[in-house]
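There are 2 protein chains.
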Amino acid sequence: MDFSGARIIITGGLGFIGSNLAVRLVEAGADVTLVDSLIPEYGGNLWNIEPIKERVRVNISDVRDEHSMKYLIQGQDYLFNLAGQTSHIDSMNNPYPDLEINAKAQLSILEACRKHNPSVKLVFASTRQLYGAPQYLPVDEKHPLAPVDVNGINKMAGEWYHLVYNNVYGIRSSVLRLTNTYGPGMRVKDARQTFLGVWIRNIITGEPLLVFGDGRQIRDFNYVDDVVEAMLLTAFSEEADGEIFNLGADDPINLKDAATLLVDVAGRGESRVVPFPADRKAIDIGDYYADYRKIRAKLSWTPKTGLREGFAKTLQFYEQNGRHYWGDRHE
Amino acid sequence: MDFSGARIIITGGLGFIGSNLAVRLVEAGADVTLVDSLIPEYGGNLWNIEPIKERVRVNISDVRDEHSMKYLIQGQDYLFNLAGQTSHIDSMNNPYPDLEINAKAQLSILEACRKHNPSVKLVFASTRQLYGAPQYLPVDEKHPLAPVDVNGINKMAGEWYHLVYNNVYGIRSSVLRLTNTYGPGMRVKDARQTFLGVWIRNIITGEPLLVFGDGRQIRDFNYVDDVVEAMLLTAFSEEADGEIFNLGADDPINLKDAATLLVDVAGRGESRVVPFPADRKAIDIGDYYADYRKIRAKLSWTPKTGLREGFAKTLQFYEQNGRHYWGDRHE
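Sequence lines, in order, name chains A and B.
Residue numbering for the first sequence follows our numbering, starting at 1 and increasing by one per position.
Residue numbering for the second sequence follows our numbering, starting at 1 and increasing by one per position.
The set of hints was computed from the structure by calculation and includes no laboratory data.
Any given hint could be a false lead.
The list treats identical chains as interchangeable, and a pair is accepted whether it falls inside one copy or across any two copies.
No farther apart than 25 angstroms at their CA atoms in a straight line, the calculated lysine to any residue pairs in the SDA-like style are these [claimed, not checked]: (1) Lys294 / Arg201; (2) Lys189 / Gln316; (3) Lys115 / Pro277; (4) Lys294 / Ala133; (5) Lys70 / Tyr96; (6) Lys115 / Asp90; (7) Lys189 / Glu270; (8) Lys304 / Asp284; (9) Lys70 / Ile253; (10) Lys115 / Ser87; (11) Lys53 / Thr33; (12) Lys281 / Glu243; (13) Lys294 / Ala146; (14) Lys142 / Asp291; (15) Lys70 / Asn94; (16) Lys281 / Asp241; (17) Lys298 / Glu54; (18) Lys298 / Val168; (19) Lys281 / Gly322; (20) Lys70 / Ser119; (21) Lys281 / Asn117; (22) Lys115 / Ala278; (23) Lys142 / Arg293; (24) Lys281 / Gly242; (25) Lys142 / Asp284; (26) Lys294 / Gln135; (27) Lys115 / His324; (28) Lys115 / Ile89; (29) Lys294 / Asp257; (30) Lys115 / Asp284.
Chain A with its partners taken away, still in its complex shape:
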């Protein structure tokens, strides 16, 4: 994979995964533009690009801003389409911003590509949330889609716009259905991105880790570097055009054990199993872990970082950088 000199735009580029991807691409010699709205409730944080801030173009705009996107997209070789509203609870409390960002803005990005840059290659960050409560495990890409909340529905629409524009117009698009991603740069201020962020913060600030339900819900976790690698492979491979790939891990774990492992790695902290808050219970999906054999077979991707190593790296990052993430303002 040679991204040297490639013109690359990343929506959600100041967010967790987008910024890690940006670092990797800048190091590979790419010409990188980051688009981010820096809406405080979402994932963007300028500190995420501190190591590369002199070597990327940052454009503060919202993917709902059609005109901005139309302009920025022109002349780009790759579009990593990562901007999204990620909070399931927020999507239920007020479904409209989720619809505008996760569905409508995706359509307008694709329309902009169709009209102004039909040769761009897109990688869309989708989510396991589309599968809803698994009908079997592990969940492969053929598993029926049955989202359990508004966020899952809108992400489903956003994903399928990419596939239809690939199939009908030849706008090359690949879809990655991400599972729980964690690592440096993740949102830790609250659970809007993942509960794991709050756990990490609580370890460091000395608060207990709350595990909802009975703690036996199984999940799989990917360290962010592995997800970045999957995105690059997907972008680079023609074989990935028009395809959907699950990401996943070899070490699914239940939430109680994950909390215990995190405490163990940190050498401090405590976890508590508490009842589900009603609003979360209503959209809980039970156990989930992915079958990721398709991307392994087609693109030779496998996750390299196990939970213990990933937790250690993540804890270390937030011990050093925490104040840039759980303060009230973006620094």
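Guided by the hints, dock chain B onto chain A, whose structure is given.
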């Protein structure tokens, strides 16, 4: 089923299926409000309710008008949610109105129910288009969803909002995935609703019926009275809450044979097999016919009107009423 005195609102109520449903409900003694935007490119036509025009309330407004919907929905016992943008080609040429109508407006209707009338029962008119090109035949409700155009994606979102609001908030909703519906009141001015409308018109105006491709694509057809019956059964049955049902028929037929049958029933006309227009070819789904055993088993629904009888009734209607449907204005 007793709908006598029931307060009923039908979105898309001046459209093809909505108006047939209205006639049936008015005859059953229901208190019926029809909501329709009468956008000329869509299905609404005041002539559709000529026989009952003194016995229904007609409210001209668009489902995208949140305020109108919020007001109208209050105090209703049943909401038959039939308003939609149905043209696949239009959804590709300009995807935004399709998104606003088929997805966003559905969300705002459900939000209105949640806030102002949580005890209403909804029946949502969805479409076989969500399945895309069938992976097996006949297609049952477990078939993966893989829409091939923007219209299918947005209808998928609209459908799932209903299911999530049922599951999370207890807003009782049922989904019917309709296949090709035909009969009196269908749009015949163009193929925005179904190609069959254009065929019917062409028979009467003496133009040839055009069959795209090789004419071997199999379809199933439901006469509108059968679809109305399915909607009433679904509305009335608690067992249908939160469920998705396919409609279908026992006499699937390929398009060439359907055209020949129509010519035979009419006693005039001719059909021609012509190449697919490029824009239609790109979103064609190949053969389709539904497995409707679920609704037969749960709600005892079966289609009663065969193609020959249905075609004859439809032709008769348009011979007598055609001028109200293919003129330039709504009468």
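Hint check:
Taking the shortest alpha-carbon separations for Lys294 and Arg201, neither the intra-copy value of 34 angstroms nor the inter-copy value of 49 angstroms comes in at or below 25 angstroms. For the homomeric pair Lys189 and Gln316, the shortest alpha-carbon distance inside one copy (17 angstroms) is at most 25 angstroms, but the shortest distance between copies (67 angstroms) is not. For the identical chains of this complex, Lys115 and Pro277 are inter-copy neighbours only, at 21 angstroms across copies versus 46 angstroms inside a copy, given an alpha-carbon limit of 25 angstroms. Proximity of Lys294 and Ala133 under a CA criterion of 25 angstroms is satisfied in both settings, with 21 angstroms inside one chain copy and 22 angstroms between copies.
In this homomeric assembly, Lys70 and Tyr96 come within 25 angstroms of each other (Cα to Cα) both inside a single copy, at 22 angstroms, and across copies, at 16 angstroms. Taking the shortest alpha-carbon separations for Lys115 and Asp90, only the inter-copy value of 17 angstroms comes in at or below 25 angstroms, while the best intra-copy value is 33 angstroms. Taking CA atoms no more than 25 angstroms apart as the test, Lys189 paired with Glu270 passes inside one copy only; the shortest distance there is 19 angstroms, against 69 angstroms between copies. For the identical chains of this complex, Lys304 and Asp284 are neighbours neither inside a copy (28 angstroms) nor across copies (42 angstroms), given an alpha-carbon limit of 25 angstroms.
Taking the closest pair of Cα atoms, Lys70 and Ile253 never come within 25 angstroms of each other, the shortest separation being 43 angstroms inside a single copy and 45 angstroms across copies. Taking identical chains as interchangeable, the C-alpha atoms of Lys115 and Ser87 lie at most 25 angstroms apart only when they sit on different chains, with a minimum of 21 angstroms there against 31 angstroms within one chain. For the homomeric pair Lys53 and Thr33, the shortest alpha-carbon distance inside one copy (11 angstroms) is at most 25 angstroms, but the shortest distance between copies (59 angstroms) is not. For the identical chains of this complex, Lys281 and Glu243 are inter-copy neighbours only, at 21 angstroms across copies versus 32 angstroms inside a copy, given an alpha-carbon limit of 25 angstroms.
In this assembly of identical chains, Lys294 and Ala146 lie within 25 angstroms of each other by CA distance both inside one copy and across copies; the values are 21 angstroms within and 18 angstroms between. Taking the shortest Cα distances, Lys142 and Asp291 sit within 25 angstroms of each other both inside one copy (10 angstroms) and across copies (20 angstroms). For the homomeric pair Lys70 and Asn94, the shortest alpha-carbon distance between copies (16 angstroms) is at most 25 angstroms, but the shortest distance inside one copy (27 angstroms) is not. Taking the shortest alpha-carbon separations for Lys281 and Asp241, only the inter-copy value of 20 angstroms comes in at or below 25 angstroms, while the best intra-copy value is 37 angstroms.
Taking identical chains as interchangeable, the C-alpha atoms of Lys298 and Glu54 are never at most 25 angstroms apart, the minima being 36 angstroms within one chain and 64 angstroms between chains. In this assembly of identical chains, the alpha carbons of Lys298 and Val168 lie at most 25 angstroms apart only when taken from the same copy (23 angstroms versus 38 angstroms across copies). With identical chains, the CA atoms of Lys281 and Gly322 are never at most 25 angstroms apart, being 29 angstroms at best within one copy and 55 angstroms at best between copies. Taking the closest pair of Cα atoms, Lys70 and Ser119 come within 25 angstroms of each other only inside a single copy of the chain (14 angstroms); across copies the shortest separation is 44 angstroms, beyond that limit.
In the homo-oligomer, the alpha carbons of Lys281 and Asn117 lie at most 25 angstroms apart only across protomers (24 angstroms), although the nearest pairing inside one protomer, at 43 angstroms, exceeds that limit. In the homo-oligomer, the alpha carbons of Lys115 and Ala278 lie at most 25 angstroms apart only across protomers (18 angstroms), although the nearest pairing inside one protomer, at 45 angstroms, exceeds that limit. When the C-alpha separation of Lys142 and Arg293 is checked against a cutoff of 25 angstroms, the pair qualifies both within a copy, at 12 angstroms, and between copies, at 23 angstroms. Within a single copy, Lys281 and Gly242 get their C-alpha atoms only as close as 34 angstroms, which misses the 25 angstroms cut-off; across copies the closest is 18 angstroms, which meets it.
Within a single copy, Lys142 and Asp284 get their C-alpha atoms as close as 21 angstroms, and across copies as close as 22 angstroms, so both meet the 25 angstroms cut-off. For the homomeric pair Lys294 and Gln135, the shortest alpha-carbon distances inside one copy (19 angstroms) and between copies (19 angstroms) are both at most 25 angstroms. Taking the shortest alpha-carbon separations for Lys115 and His324, neither the intra-copy value of 39 angstroms nor the inter-copy value of 39 angstroms comes in at or below 25 angstroms. In the homo-oligomer, the alpha carbons of Lys115 and Ile89 lie at most 25 angstroms apart only across protomers (17 angstroms), although the nearest pairing inside one protomer, at 35 angstroms, exceeds that limit.
For a Cα distance limit of 25 angstroms, the shortest separation of Lys294 from Asp257 qualifies neither inside one copy, at 28 angstroms, nor across copies, at 41 angstroms. In this assembly of identical chains, the alpha carbons of Lys115 and Asp284 lie at most 25 angstroms apart only when taken from different copies (23 angstroms versus 40 angstroms within one copy).
In summary, the numbered hints that this structure violates are 1, 8, 9, 17, 19, 27 and 29.
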